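2 protein chains.
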Amino acid sequence: MSLAAAPGVAETLLDVFLLLAAAKAGDELCKRIDQPALVGEILAGVLVGPAVLGWVEPGETIEVFAELGAVFLLFWVGLETRIDDLRGVGRVAGSVGVLGVALPFAGGAAFATAVGEGGAVAVFTGAALVATSVGVTSAVLAERGLVATPAGRTILGAAVVDDILAMLILGVAVGLASDAGTDFASLAVSAALAVAFVAFFALGGTRFLQRRPGILKAPRFSESPLLPAVLLCLGLAAFAAEIGLAAIIGAFLAGMMVAETKEQHPIEEEVAPLYAFFAPFFFAAIGLQLDLDAYVDGRVLALLAAVTAIAIATKLVGAFLGALPLGRREAAIVGVGMVPRGEVGIVIAGIALAEGAVTNDFFALVVGMSVLTTLVAPPLLRAVAQS
Amino acid sequence: MSLAAAPGVAETLLDVFLLLAAAKAGDELCKRIDQPALVGEILAGVLVGPAVLGWVEPGETIEVFAELGAVFLLFWVGLETRIDDLRGVGRVAGSVGVLGVALPFAGGAAFATAVGEGGAVAVFTGAALVATSVGVTSAVLAERGLVATPAGRTILGAAVVDDILAMLILGVAVGLASDAGTDFASLAVSAALAVAFVAFFALGGTRFLQRRPGILKAPRFSESPLLPAVLLCLGLAAFAAEIGLAAIIGAFLAGMMVAETKEQHPIEEEVAPLYAFFAPFFFAAIGLQLDLDAYVDGRVLALLAAVTAIAIATKLVGAFLGALPLGRREAAIVGVGMVPRGEVGIVIAGIALAEGAVTNDFFALVVGMSVLTTLVAPPLLRAVAQS
Chain E
1 MSLAAAPGVA ETLLDVFLLL AAAKAGDELC KRIDQPALVG EILAGVLVGP AVLGWVEPGE
61 TIEVFAELGA VFLLFWVGLE TRIDDLRGVG RVAGSVGVLG VALPFAGGAA FATAVGEGGA
121 VAVFTGAALV ATSVGVTSAV LAERGLVATP AGRTILGAAV VDDILAMLIL GVAVGLASDA
181 GTDFASLAVS AALAVAFVAF FALGGTRFLQ RRPGILKAPR FSESPLLPAV LLCLGLAAFA
241 AEIGLAAIIG AFLAGMMVAE TKEQHPIEEE VAPLYAFFAP FFFAAIGLQL DLDAYVDGRV
301 LALLAAVTAI AIATKLVGAF LGALPLGRRE AAIVGVGMVP RGEVGIVIAG IALAEGAVTN
361 DFFALVVGMS VLTTLVAPPL LRAVAQS
Chain A
1 MSLAAAPGVA ETLLDVFLLL AAAKAGDELC KRIDQPALVG EILAGVLVGP AVLGWVEPGE
61 TIEVFAELGA VFLLFWVGLE TRIDDLRGVG RVAGSVGVLG VALPFAGGAA FATAVGEGGA
121 VAVFTGAALV ATSVGVTSAV LAERGLVATP AGRTILGAAV VDDILAMLIL GVAVGLASDA
181 GTDFASLAVS AALAVAFVAF FALGGTRFLQ RRPGILKAPR FSESPLLPAV LLCLGLAAFA
241 AEIGLAAIIG AFLAGMMVAE TKEQHPIEEE VAPLYAFFAP FFFAAIGLQL DLDAYVDGRV
301 LALLAAVTAI AIATKLVGAF LGALPLGRRE AAIVGVGMVP RGEVGIVIAG IALAEGAVTN
361 DFFALVVGMS VLTTLVAPPL LRAVAQS
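Same order as they appear, the protein sequences are chains E and A.
Sequential numbering from 1 applies to the first sequence in the numbering used here.
Sequential numbering from 1 applies to the second sequence in the numbering used here.
Hints listed in this document are in silico derivations from the structure and should not be mistaken for laboratory results.
A hint or two may mislead.
Because identical chains cannot be distinguished in the list, a pair is counted as satisfied if it fits within a single copy or across any two copies.
As the list claims (entries may be wrong) - Capping the alpha-carbon separation at 20 Å, the derived lysine to any residue pairs in SDA-like fashion look like this:
#, residue 1, residue 2
1, K31, K217
2, K262, A305
3, K217, A272
4, K262, P228
5, K217, P266
Since we're looking at a predicted model, the values are computed, not measured.
Only chain E is shown next, with the shape it has when bound in the complex (with noise of 0.2 Å):
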């Protein structure tokens, strides 16, 4: 008897408003203790998530406003990057891949296959390890003003460089899993393209906007070049999920297409209201996902605590040494930055699962990894930064 239309709609539309309602508080409650906002965020979802008080459950809606927290989040991020900048740092930002991608797998398939799991459960380990939230580490960067230093040009540079990696192995991974095994032919394609098409946006793409930047003016369905900005970011996040690589990669490429653009019409300003109403739903739906049930167990504790340990200094390490070149100081800021796995950890685990390859315990583990290493990054980046 509600004109809310459809019954299921008018739910969601509660739990959008509770999450968000909850996310602030956390936020707020984190500022007055002056502590990064999404780990306030990301608690909030804990506590009014399936784990403590069951009052929001995640589902797809809440997922694909998470998805575009990220994504207007990145393309923010986009904004504040010119790829002039960018080059600057590619030679350290690739070896900051590289490496922040081989030890992590290494350590992961190593602690996998010391506790005893097989081939497919090694790689996928390896592969959660891997996979860095550019999400996460872009929110910290951004709320302390670090986006534009060569720090954080190479953490971004570095992390589309860990997603093409990251997809790679996990295309392995689920090659191992099933009985077909490994195409490497077909993974060789994905590769391939996944590179054609960060160089033809960020090359390409942004040439053309630098050329003809009054073209995000030129519909007359906007007043402002907001919504064809807007379409040209969900776009390339689609067509980039599409092709395998995370979305967020997309909508980074066309944030910085889009910044070549800025001296014509400044679009942060109305860019932040979607990235202030939808980000909070990214941090939440991480906290969302945790089922402290699964922690319990002594023995998952200690794996917890080991693969967590793992992962900090594996990533920590591998990076650290990938931005040398930058100095010791900035270094650190690069190793901190890429330690958060975030959602990126989290799905990962989450299609190990859904191809029969891990267990839930498995499961329990990756996702409490990624929310550790997201929770101990803000704070000791913020300490490594002010050093």
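Got chain E sorted already, so can you dock chain A onto it with the hints?
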């Protein structure tokens, strides 16, 4: 093998992009031939939806986006509305609301009876003809700068009255359709609750924010009052939906409350990007509901023509008569402005279908009527407003 979160999320992200892109293409075309944007957005929904191309399926997430489109639209309209302005047109809005409900209800019920339908179907038909889509009307008023006119305010006030009456009629219809019969005591409670909700926030809420306009800036989680205001908007929208009203009534009340703090911080600029992003989904989703196959039958087409004519004539005459104290021209604007049934008619038809009270043909009939009244109103309103 995609890092773009769960497979369903990647697909929905693509749907979101396709629907927004189509809506904006439709908007662009309509702007170029000097037609209202929402007409293009609805037709774009018809084109990419199940009716023609089948690229985008209506689903929960799209429906939530559509609902948020209406919510932010009405929030924005509320921001343009001061409670003191509404008080001035209160009496007229009341008669517009009552007459604009009585005539369409009588017309719809009589039509259903004339074509041989029984009691429950007659009441459902009446209910479907009663509901005005203030979302559609608001968009047209906003596009033509008519929100802050006596006619605009009368329409908004009458729409609130409309919505409460429509909720009651729907309650009676659902009671008739079920074996349990109509529970008039609980209907009376619903009505009292709805009136109390509207009165409490329209009068008390606006006064509270008038006296403490700084409260939206008090939280530290937000540098601007945007997110506190959005939380108020979503909270009241969800609350309205919980007590059986349309969510947009809550959003409208929240907008009116925040409007009292406008001297302190102009918030419209920040709400505009949210409105610009979500509103196209509201209109395109109306188009998604249309199933053209239902209208290949000559008899259905004839019935559609008849019920649409009745829907237009009864609402126009009822609202016009109620608004006559404003003068003929303003009354004509009010009459035409109340014509669009938009999503509300579709929601009522959906409830009737879910109750098993009506056939698929009836559903298609009401959906067709809702879309046609929505498409016909904007050009008509423009003609009347220019006269």
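A quick look at each hint next to the structure:
1. When the C-alpha separation of K31 and K217 is checked against a cutoff of 20 Å, the pair qualifies only between copies, where the shortest distance is 15 Å, while the shortest distance within a copy is 38 Å.
2. Within a single copy, K262 and A305 get their C-alpha atoms no closer than 46 Å, and across copies no closer than 51 Å, so neither meets the 20 Å cut-off.
3. Proximity of K217 and A272 under a CA criterion of 20 Å is satisfied in both settings, with 19 Å inside one chain copy and 17 Å between copies.
4. Taking identical chains as interchangeable, the C-alpha atoms of K262 and P228 lie at most 20 Å apart only when both belong to the same chain, with a minimum of 14 Å there against 29 Å between chains.
5. Taking identical chains as interchangeable, the C-alpha atoms of K217 and P266 lie at most 20 Å apart only when both belong to the same chain, with a minimum of 12 Å there against 25 Å between chains.
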